[in-house]
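Participant: So the sequence lines, in the order shown, correspond to chains S and R. Going letter by letter, the first sequence gives residues 1 to 151 in the numbering used here. Going letter by letter, the second sequence gives residues 1 to 151 in the numbering used here.
Some clues are possibly wrong.
Same chains, same label: a pair holds when it works inside one copy or across any pair of copies.
What the hints assert, rightly or not - Straight-line alpha carbon distances no greater than 30 angstroms define the calculated DSSO-like cross-link-like pairs of lysine-lysine that follow:
(1) Lys-66 <-> Lys-114
(2) Lys-121 <-> Lys-66
(3) Lys-46 <-> Lys-121
(4) Lys-114 <-> Lys-46
Simulated from the structure, these hints should not be mistaken for laboratory data. Owing to the predicted nature of the structure, the values given are computational and were not obtained by experimental measurement.
If you want the building blocks of each chain, they are given just below.
Number of protein chains: 2
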Amino acid sequence: MGLFFEDFQPGDTRETGSVTVTREAILAFAREFDPQPFHIDDEAAKRSPYGGLIASGWHTAALCMKLVVGMLGPDSGSLGSPGVDELRWLRPVRPGDELTVHIEVVEAIPSRSKPDRGLVKLRYTVRNQNREDVMTMIALGLVLRRAPSIY
Amino acid sequence: MGLFFEDFQPGDTRETGSVTVTREAILAFAREFDPQPFHIDDEAAKRSPYGGLIASGWHTAALCMKLVVGMLGPDSGSLGSPGVDELRWLRPVRPGDELTVHIEVVEAIPSRSKPDRGLVKLRYTVRNQNREDVMTMIALGLVLRRAPSIY
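For reference, chain S alone in the conformation it holds in the complex (with noise of 0.2 angstroms):
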């Protein structure tokens, strides 16, 4: 069974599986939404500040997407998302890096109009394989609880 509201206490901390992000997966990823040359051409990559090809900050914010709904198991109580706060780049994801998320519940706010979900605020910390921060957000959620609701 997945995750539902009552899953989620604020300073629960999770660690999600991981992933490593591939050379070919960085240019099919940045061909497709973000062909800027230090993303999708290894002689321009070298020239640019990051001396060498990084990964799409998006492809790193997909990669980390797909590590939660890991976590959160199938037949979750996700209802999807309102938006993101203070997503920041921290450090380049370069071919061949490990990702994981570590993960904190900020808060969890019962809805006050529908009583059988709330709103989760999670901080996530992308790391590398060396523990490094690659990138951080607060992410907001819609969360149904795992009791049907008697109203």
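Given chain S, work out where chain R should sit, using these hints.
Facilitator: Just chain R now, with coordinates in the frame of chain S:
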């Protein structure tokens, strides 16, 4: 030629081109990065609060980037981004929707330490074919000046 720091003046607005979001693209992105039922399963999506299949919000964000990169043009001064603030998913994006991005320059701050570049703060508003806002965010960007630095 692409856009450089001098091309971003506070208050300026620009419109990107458009992109149509196909059902196949929604499914492919979500299966790879965000396999929640309302993104990948027609029947589950019908039973969800969305009433049918919707795109992952990260897919919408990636398509926004695609449109913005197209507007920046080839060989622009873009050096990447330190992050985004207040990303909000306001309405579902559904198969067949056509998205465009309205861009407003909020701030353009010359770098104190590196006179060849500056930081721009841009408000992106992603709209569908009915001129409804589907996503907004404040994006930060590091951008080179057009003229070579004399320093």
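Participant: Have a look at Lys-121 and Lys-66 and pick one of within, between, both or neither, based on CA distance no larger than 30 angstroms.
Facilitator: both (18 angstroms within a copy, 28 angstroms between copies)
Participant: Should Lys-46 paired with Lys-121 be assigned to within, between, both, or neither, using CA atoms and 30 angstroms as the limit?
Facilitator: between (38 angstroms within a copy, 26 angstroms between copies)
Participant: 30 angstroms Cα cut-off: does Lys-66 pair with Lys-114 within a copy, between copies, both or neither?
Facilitator: For Lys-66 and Lys-114, only the intra-copy Cα distance (28 angstroms) is at most 30 angstroms; the inter-copy one is 37 angstroms.
Participant: Please sort Lys-114 with Lys-46 into within, between, both or neither, judging by C-alpha distance up to 30 angstroms.
Facilitator: The answer is between: 20 angstroms across copies meets 30 angstroms, while 53 angstroms in one copy does not.
Violated hints for the displayed structure: none, as all numbered hints are satisfied.
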